[in-house]
Structures are given as C-alpha cells and as structure tokens.
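> Sequence:
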Amino acid sequence: MSDSPQAPAPTLAEASRALVSVAATLVVNVQRAMVGPEKVPTARDNAYFAMLADRARNQARDDLTREVAALLAASPRKLAKTHF
80 MSDSPQAPAP
90 TLAEASRALV
100 SVAATLVVNV
110 QRAMVGPEKV
120 PTARDNAYFA
130 MLADRARNQA
140 RDDLTREVAA
150 LLAASPRKLA
160 KTHF
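Just so we're aligned: the sequence shown equals residues 80 to 163 in the numbering used here.
Accuracy of the hints is not assured; some may be wrong.
[Unchecked claim] If you anchor each label on the Cβ, the simulated ranges turn out as follows:
1. Ala135 x Gln85: 55 to 61 Å
2. Tyr127 x Val106: 20 to 26 Å
3. Pro87 x Arg123: 35 to 41 Å
4. Val109 x Asn137: 30 to 36 Å
5. Leu98 x Asp133: 28 to 34 Å
6. Asn108 x Gln85: 32 to 38 Å
7. Arg111 x Thr144: 40 to 46 Å
8. Ala92 x Ala122: 23 to 29 Å
9. Leu151 x Glu93: 57 to 63 Å
10. Pro89 x Ala148: 58 to 64 Å
Rather than coming from a laboratory, the hints here were simulated on the basis of the structure.
Predicted, not measured: the structure shown is a model, and the values here were computed from it.
Ideal placement from N, C-alpha and C gives every residue a C-beta, glycine not left out.
Based on the provided sequences and hints, a complete structural model is requested.
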C-alpha cells in the first residue's frame, strides 16, 4: 500500500469547465484550418461588428420614430378614428 494521498476526484463543475475548454479549443482549431488563421475574427473584430450592429439598430429605431411622427403629424384625426 502506498501512503501517498490521492488527488480528489474532479467536481461536476470542474469537469464541465474542462469539457467546454476542450470543445472551444477544438472549434477554434477547426475554424483556423478551414478559413485560415488570418481570417479568424479577433476580439477587436467582434467589438467592431457589435458596434456596427448597435449603430444599425439605433438608426432603424430612429427612422421608425420619424416615420411614426410623420404619420401622426399628417393626419392625427384620421388615425385616431381608425384605431380607437
């Protein structure tokens, strides 16, 4: 018998983190192999595309707000009668 202490068994959370880490590494490696390392998006790329998406969403919201305001200004009585 050995008197050396055994390492504790990994918890479910530790095992889950290890599995997710391995899966993420696999996905990144497959992506690099498929599209090439120079085309793999970086965190900077992701932030830039998120900013562009925010701008587009804000622009669409502003356009819709202007359209609704123009419709209401054009004929408020007509709209009020048809919707109430």
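> Now, for every hint given, state plainly whether the structure supports it.
Each hint tested on the structure:
About 56 Å separates the C-beta atoms of Ala135 and Gln85, a value consistent with the hinted range of 55 to 61 Å. Distance hint check for Tyr127 and Val106: the Cβ-Cβ separation is about 21 Å, which falls inside the suggested range of 20 to 26 Å. For Pro87 and Arg123, the hinted distance range of 35 to 41 Å is satisfied, since their beta carbons lie about 40 Å from each other. At roughly 35 Å, the beta-carbon separation of Val109 and Asn137 lies within the given 30 to 36 Å, and the hint holds.
A hinted range of 28 to 34 Å holds for the C-beta pair Leu98 and Asp133, which are about 33 Å apart. Between Asn108 and Gln85 the Cβ separation comes to about 33 Å, which falls inside the hinted range of 32 to 38 Å. Restraint check, Arg111 to Thr144: a C-beta distance of roughly 43 Å satisfies the suggested window 40 to 46 Å. For the pair Ala92 and Ala122, the beta carbons lie near 25 Å from each other, so the given range of 23 to 29 Å is met.
Take Leu151 and Glu93: their Cβ atoms lie about 58 Å apart, and the range 57 to 63 Å holds. About 59 Å separates the C-beta atoms of Pro89 and Ala148, a value consistent with the hinted range of 58 to 64 Å.
In the structure shown, no violation is registered for any of the earlier numbered hints.
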